[in-house]
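The opening position of the first sequence corresponds to residue 1 in UniProt numbering, with each subsequent residue numbered one higher.
Hints listed in this document are in silico derivations from the structure and should not be mistaken for laboratory results.
Do not rely on the hints blindly, as some may be mistaken.
[Unchecked claim] The list that follows gives simulated cross-link-like pairs (lysine to aspartate or glutamate, EDC-like), each with its CA atoms no further than 20 Å apart: (1) Lys-104 to Glu-71; (2) Lys-18 to Glu-73; (3) Lys-30 to Glu-71; (4) Lys-50 to Asp-72; (5) Lys-50 to Asp-26; (6) Lys-50 to Asp-121; (7) Lys-104 to Glu-73; (8) Lys-30 to Glu-20; (9) Lys-65 to Asp-121; (10) Lys-50 to Asp-21; (11) Lys-114 to Asp-72; (12) Lys-114 to Asp-63; (13) Lys-114 to Glu-73; (14) Lys-104 to Asp-63; (15) Lys-65 to Asp-100; (16) Lys-23 to Asp-63; (17) Lys-50 to Glu-102; (18) Lys-104 to Asp-72.
All figures in this text were calculated on a predicted structure; none of them were measured in a lab.
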Amino acid sequence: MRRPCCDKQDTNKGAWSKQEDQKLIDYIRKNGEGCWRTLPQAAGLLRCGKSCRLRWINYLRPDLKRGNFAEDEEDLIIKLHALLGNRWSLIAGRLPGRTDNEVKNYWNSHLRRKLMNMGIDPNNHRLSHINVSRPQTSNASADATSIHRLGHINVSRPQTSNASADAKSSGLKTQANHQSEKSQVENCDQVSDAGSCLEDDSCGLPDLNLDLMITMPSLNSLANVEEKQKLVESNTSSQLEFTHSPTLVLFR
DNA sequence: AAGAATCTCAACCGCCTGGTA
DNA sequence: CTACCAGGCGGTTGAGATTCT
1 MRRPCCDKQD TNKGAWSKQE DQKLIDYIRK NGEGCWRTLP QAAGLLRCGK SCRLRWINYL
61 RPDLKRGNFA EDEEDLIIKL HALLGNRWSL IAGRLPGRTD NEVKNYWNSH LRRKLMNMGI
121 DPNNHRLSHI NVSRPQTSNA SADATSIHRL GHINVSRPQT SNASADAKSS GLKTQANHQS
181 EKSQVENCDQ VSDAGSCLED DSCGLPDLNL DLMITMPSLN SLANVEEKQK LVESNTSSQL
241 EFTHSPTLVL FR
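Using the sequences and the accompanying hints, generate a full structural model.
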């Protein structure tokens, strides 16, 4: 039997007061992070240790950026989500000053809808069958320009992350998976430089150290791409296209 | 102006992992 | 090997804010 992380009868819940925030800040400034279980008592807080940790990480940490997400941050989240799935901590790790909670919330409240408006299934980043041909609202057209900046992405996604949403419930998710995926992202330094594969303006993220794994399209799909590109060029407007597999291809 | 509907996001919950006794 | 602890993660909730009717 697991003990609860704290005695819930003696802890406050809900929104943090300014006094509580200040106590937590003062304590961590003096003693540093860590030992969250004993921190509340030591800091004079009637809070669960987990609650303190979350409050610090998601809100009080001095290096947090906060505020609206920039367009390049949005793009990066979308790219990383295509690569990693709902691995918010990994995604947030590539966004300096952003937390997993913040990224997750932003995804759920903005980016998911944005992709859906563009006819893209936010779960697998493929064109959905509904809404494919006509993003109608003015938002959608603005969205279309922003997805332009995504460039031509061919994301090689780790196999486990395909079922990332299910992995947890099915008990398949392991720390090893996390680690291997993390290292996969990190190892992309050697595999390829995503920036070099993407369009110019999406490369303007000097501090983000974006090193996604981008694979080149197969010859088959490349031939397909060229065909389609001709088709698109003859048709003027921009068009998104997805090849089979989690591959996003963008034409202008 | 007011109530309803929708959106946002801080916070909580339960589960998992690695470390350790 | 087992049990426990601490820390971390992703999913979900719900209060407050905002927009719509």
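Outcome of the hint check:
Among the hinted pairs, Lys-104 with Glu-71 is consistent with the structure: their alpha-carbon atoms are about 16 Å apart, no more than 20 Å. A distance of roughly 30 Å separates the Cα atoms of Lys-18 and Glu-73; the hinted pair therefore is violated under the 20 Å criterion. Restraint check for Lys-30 and Glu-71: the C-alpha separation of about 37 Å exceeds 20 Å, so the hint is violated. Distance restraint check for Lys-50 and Asp-72: the Cα-Cα separation of roughly 32 Å exceeds the 20 Å cut-off, and the hinted pair is therefore not satisfied.
Pair hint Lys-50 plus Asp-26 holds up; C-alpha atoms about 18 Å apart against a cutoff of 20 Å. Restraint check for Lys-50 and Asp-121: the C-alpha separation of about 34 Å exceeds 20 Å, so the hint is violated. Restraint check for Lys-104 and Glu-73: satisfied, since their Cα atoms lie roughly 13 Å apart, inside the 20 Å limit. At roughly 16 Å between alpha-carbon atoms, Lys-30 and Glu-20 fall within 20 Å of each other, so this suggested pair holds.
Simply put, Lys-65 and Asp-121 have alpha-carbon atoms about 29 Å apart, too far for the 20 Å limit, and the pair is violated. About 14 Å separates the Cα atoms of Lys-50 and Asp-21, which keeps this hinted pair within 20 Å; it holds. Note on Lys-114 and Asp-72: the hinted pairing holds, with a Cα-Cα distance of about 15 Å set against a maximum of 20 Å. Taking the CA atoms of Lys-114 and Asp-63, the gap is about 28 Å. The hint is violated against a cut of 20 Å.
Pair hint Lys-114 plus Glu-73 holds up; C-alpha atoms about 14 Å apart against a cutoff of 20 Å. Between Lys-104 and Asp-63 the alpha-carbon distance is near 18 Å, which keeps this suggested pair within the 20 Å criterion. The suggested pairing of Lys-65 with Asp-100 holds, with an alpha-carbon distance near 13 Å, which does not exceed 20 Å. Distance check on the hinted pair: Lys-23 and Asp-63 sit about 18 Å apart at the alpha-carbon level, within 20 Å; holds.
With a C-alpha separation of about 17 Å, the suggested pair Lys-50 and Glu-102 falls inside the 20 Å cut-off, and the hint holds. For the given pair, Lys-104 sits about 16 Å from Asp-72 by alpha-carbon distance, which is consistent with the 20 Å threshold.
The structure fails hints 2, 3, 4, 6, 9, 12 (numbered hints given earlier, in ascending order).
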